[in-house]
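Construct the complete structure from the given sequences, taking the supplied hints into account.
2 protein chains.
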Amino acid sequence: MPTLSFLTTCHFDHGALGLLQKSLDRLGLKRPLIATDKGIAAAGILDTVKAAMTDGGSAAVFDETPGNPTEAAVMKALNLYQSEGCDGVIALGGGSAMDLGKTVALLAVSGGPLAQYDPLTGGNKLVKGIAPVIAIPTTSGTGSEVSLGMVIVLDDGRKMTFGNPKFIPTIAVCDPDLTLGLPPMLTAATGMDAITHCIEAVLTPTINPPADGVGLDGLWRGWRYLPRAVRHGDDKEARWQMMMASTEGAHAFTKGLGSVHAMSHAIGRREDLKLHHGTLNAVILPAVLRFNAPHCEEKYDRLRAAMGLEFHADVAEAIEKMNEYIGMPSGLKAMGVSEDMIDDFVPHALADLAHRTNPVQPTAEDYKALFMAAM
Amino acid sequence: MPTLSFLTTCHFDHGALGLLQKSLDRLGLKRPLIATDKGIAAAGILDTVKAAMTDGGSAAVFDETPGNPTEAAVMKALNLYQSEGCDGVIALGGGSAMDLGKTVALLAVSGGPLAQYDPLTGGNKLVKGIAPVIAIPTTSGTGSEVSLGMVIVLDDGRKMTFGNPKFIPTIAVCDPDLTLGLPPMLTAATGMDAITHCIEAVLTPTINPPADGVGLDGLWRGWRYLPRAVRHGDDKEARWQMMMASTEGAHAFTKGLGSVHAMSHAIGRREDLKLHHGTLNAVILPAVLRFNAPHCEEKYDRLRAAMGLEFHADVAEAIEKMNEYIGMPSGLKAMGVSEDMIDDFVPHALADLAHRTNPVQPTAEDYKALFMAAM
Numbered sequence: 159m160p161t162l163s164f165l166t167t168c169h170f171d172h173g174a175l176g177l178l179q180k181s182l183d184r185l186g187l188k189r190p191l192i193a194t195d196k197g198i199a200a201a202g203i204l205d206t207v208k209a210a211m212t213d214g215g216s217a218a219v220f221d222e223t224p225g226n227p228t229e230a231a232v233m234k235a236l237n238l239y240q241s242e243g244c245d246g247v248i249a250l251g252g253g254s255a256m257d258l259g260k261t262v263a264l265l266a267v268s269g270g271p272l273a274q275y276d277p278l279t280g281g282n283k284l285v286k287g288i289a290p291v292i293a294i295p296t297t298s299g300t301g302s303e304v305s306l307g308m309v310i311v312l313d314d315g316r317k318m319t320f321g322n323p324k325f326i327p328t329i330a331v332c333d334p335d336l337t338l339g340l341p342p343m344l345t346a347a348t349g350m351d352a353i354t355h356c357i358e359a360v361l362t363p364t365i366n367p368p369a370d371g372v373g374l375d376g377l378w379r380g381w382r383y384l385p386r387a388v389r390h391g392d393d394k395e396a397r398w399q400m401m402m403a404s405t406e407g408a409h410a411f412t413k414g415l416g417s418v419h420a421m422s423h424a425i426g427r428r429e430d431l432k433l434h435h436g437t438l439n440a441v442i443l444p445a446v447l448r449f450n451a452p453h454c455e456e457k458y459d460r461l462r463a464a465m466g467l468e469f470h471a472d473v474a475e476a477i478e479k480m481n482e483y484i485g486m487p488s489g490l491k492a493m494g495v496s497e498d499m500i501d502d503f504v505p506h507a508l509a510d511l512a513h514r515t516n517p518v519q520p521t522a523e524d525y526k527a528l529f530m531a532a533m
Numbered sequence: 159m160p161t162l163s164f165l166t167t168c169h170f171d172h173g174a175l176g177l178l179q180k181s182l183d184r185l186g187l188k189r190p191l192i193a194t195d196k197g198i199a200a201a202g203i204l205d206t207v208k209a210a211m212t213d214g215g216s217a218a219v220f221d222e223t224p225g226n227p228t229e230a231a232v233m234k235a236l237n238l239y240q241s242e243g244c245d246g247v248i249a250l251g252g253g254s255a256m257d258l259g260k261t262v263a264l265l266a267v268s269g270g271p272l273a274q275y276d277p278l279t280g281g282n283k284l285v286k287g288i289a290p291v292i293a294i295p296t297t298s299g300t301g302s303e304v305s306l307g308m309v310i311v312l313d314d315g316r317k318m319t320f321g322n323p324k325f326i327p328t329i330a331v332c333d334p335d336l337t338l339g340l341p342p343m344l345t346a347a348t349g350m351d352a353i354t355h356c357i358e359a360v361l362t363p364t365i366n367p368p369a370d371g372v373g374l375d376g377l378w379r380g381w382r383y384l385p386r387a388v389r390h391g392d393d394k395e396a397r398w399q400m401m402m403a404s405t406e407g408a409h410a411f412t413k414g415l416g417s418v419h420a421m422s423h424a425i426g427r428r429e430d431l432k433l434h435h436g437t438l439n440a441v442i443l444p445a446v447l448r449f450n451a452p453h454c455e456e457k458y459d460r461l462r463a464a465m466g467l468e469f470h471a472d473v474a475e476a477i478e479k480m481n482e483y484i485g486m487p488s489g490l491k492a493m494g495v496s497e498d499m500i501d502d503f504v505p506h507a508l509a510d511l512a513h514r515t516n517p518v519q520p521t522a523e524d525y526k527a528l529f530m531a532a533m
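Going down the list, the protein sequences come from chains A and B.
No gaps in the numbering here: position 27 of the first sequence is 185 in our numbering, and each next residue is one more.
No gaps in the numbering here: position 30 of the second sequence is 188 in our numbering, and each next residue is one more.
Bear in mind the hints are in silico, worked out from the structure with no lab data behind them.
Do not rely on the hints blindly, as some may be mistaken.
Since the list can't tell identical chains apart, any single copy or any two copies may satisfy a pair.
In silico DSS-like links for lysine-lysine, alpha-carbon gap of 27 Å or less [to be verified]:
#1 K432 - K457
#2 K180 - K283
#3 K180 - K324
#4 K394 - K234
#5 K479 - K526
#6 K491 - K324
#7 K457 - K394
Shown next, in the form of structure tokens:
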């Protein structure tokens, strides 16, 4: 039976960072760990955030989040959290830093090892609690600031998705001004991540109409404003709309995601490739849209309406044109993926949590064909 | 600054009533007051609900909710709540019974007089708390089961809207099967109430895109399924979809409502007229849509897309056609309202909470013209 419940408090506007100290006070946090990465620090955003805090100057900072967050990095940050006597986490960054921060908060209260919390093996029953998290996104894509999930590459090489309503950050502080300096390529890739979230969430057969509505609104918004945000990074309106699309995408994917994410995680776990999650989603999305189309025709009508496409227009083709327009790679091959890697990817796609909520479940053969189509 | 927060746990499906006892147990309720009306009792729904409870046979029942709930009825129910030693409320019925039940729960914890909680005079600061409420809708229209508001006719004749996140029922049990016996006229009138909620919520300038998305999804659903639910009352799918549209309408109107509701409340407060809230909304909606149109063109495009109308189709005319098709009266005159009453309505419309969140605020002259147009 569908049980609808919604998300968390989200302060959202230009200048929302001004509410950070108030948010810390509300949660009673005296000594938060700021979990972030070196890019955020180098861009000056870490300093901006510290300046918004009463004791920002002496805050504990972990800035070594890798591009795809790993269990090893989580453990290093957890050690810092414990040795500094922290009482909560400020998860500051894109999806990687926010996911790392949320995972540190989980282990700080519920203890390790991390792999035991795999939702596919009943791990959610072992979650005792999570330290308070204030999430501050610096990209518009992941939506991790309001999402119940995080994705971590384990020491054993698996890219594991954790998902539990308890993992939703206690407070999200969404300030689009923090994304004004994001370069075009990262704006495009993270924006396509948000768009993929909205689309896959809507297509998932899980019954949750309010979440469908939120996903379609995010798609409507993201589709209109992404080209503007890519071309004119200082367009405050476009940045606001893209951050909203990102937040809405994560609201929507409480329903689940689909095979785009299953495939993207299967490639993204490879540390040798170092590929960006949003870019992977962007180039894989058209192939999966063609695969799913016969199984959810009415929903495709609704995608078209949100995207302003003509009746019966080819949704996959529209995505390909958008990818080209905003400078995404033409396919996996252009990103350095070769055909001989596909056999390694397929079992990971089949084992991914997102695979289960695709409209239909692709077989191993289907996944091979899908990876080929995305090359 | 927009602060987005969402609503309550909502068990939603055919047979959801089977979760009632579990919901009572979850809240630790041993002696709930069932707040309902004589129509619900006569239709056998009260017995169905009692049968879903362990101690249903001996439950305390208040079944004297009037068509538009009054302060006097609230006080009578509150006396019963207190004399029976109740510890919470099961609010069972349409908007009237649910609003009455929620108001009893408020006064049981926060104390009277009721008028002090007027949100327009800072009354929300006086709310100390509210007893646990499980809301069970028996119509698809009001959405009071997930809404933060209730509307009560005070002893002094004012129809007052109370609104506070604390007034959202703790648990909503939405079982569309309870609406299978609803007669066509009431199905049509309550359905148009849901549709009006979705439309007015979307048009409200308050910034809350997720709520816009939910409202548009509710409109998409309600517009497609209302004629089926009216013509074929036993169509379970149509009943499910209409109850979802109703719940989504109330999710959406956390943003606020507009002048349709301001006008409808101004008429509905008159006990001599005894007019149905949903029917009033249905016949007033076209006039307000024509008044608002120049001020929110992009939103009208989105309404058209959700309703499946052609580009630049007249939304107000589409509502008029729907009203005619499902048997709504042709206007206020056909409902027994006469022109000489308008001067009495206007100040109440201007003073209504919903007036403040219309896209533009009509003047007294505007309201006169709007009431005339709706005649």
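So, going through the hints one by one against the coordinates:
1. K432 - K457: neither (34 Å within a copy, 42 Å between copies)
2. K180 - K283: between (33 Å within a copy, 20 Å between copies)
3. K180 - K324: both (22 Å within a copy, 22 Å between copies)
4. K394 - K234: neither (36 Å within a copy, 55 Å between copies)
5. K479 - K526: Only inside one copy: K479 and K526 sit 24 Å apart there, 52 Å across copies, limit 27 Å.
6. K491 - K324: Result: close neither inside a copy nor across copies, 38 Å intra and 54 Å inter.
7. K457 - K394: between (32 Å within a copy, 21 Å between copies)
Hint compliance for this structure: hints 1, 4, 6 are broken, all remaining hints hold.
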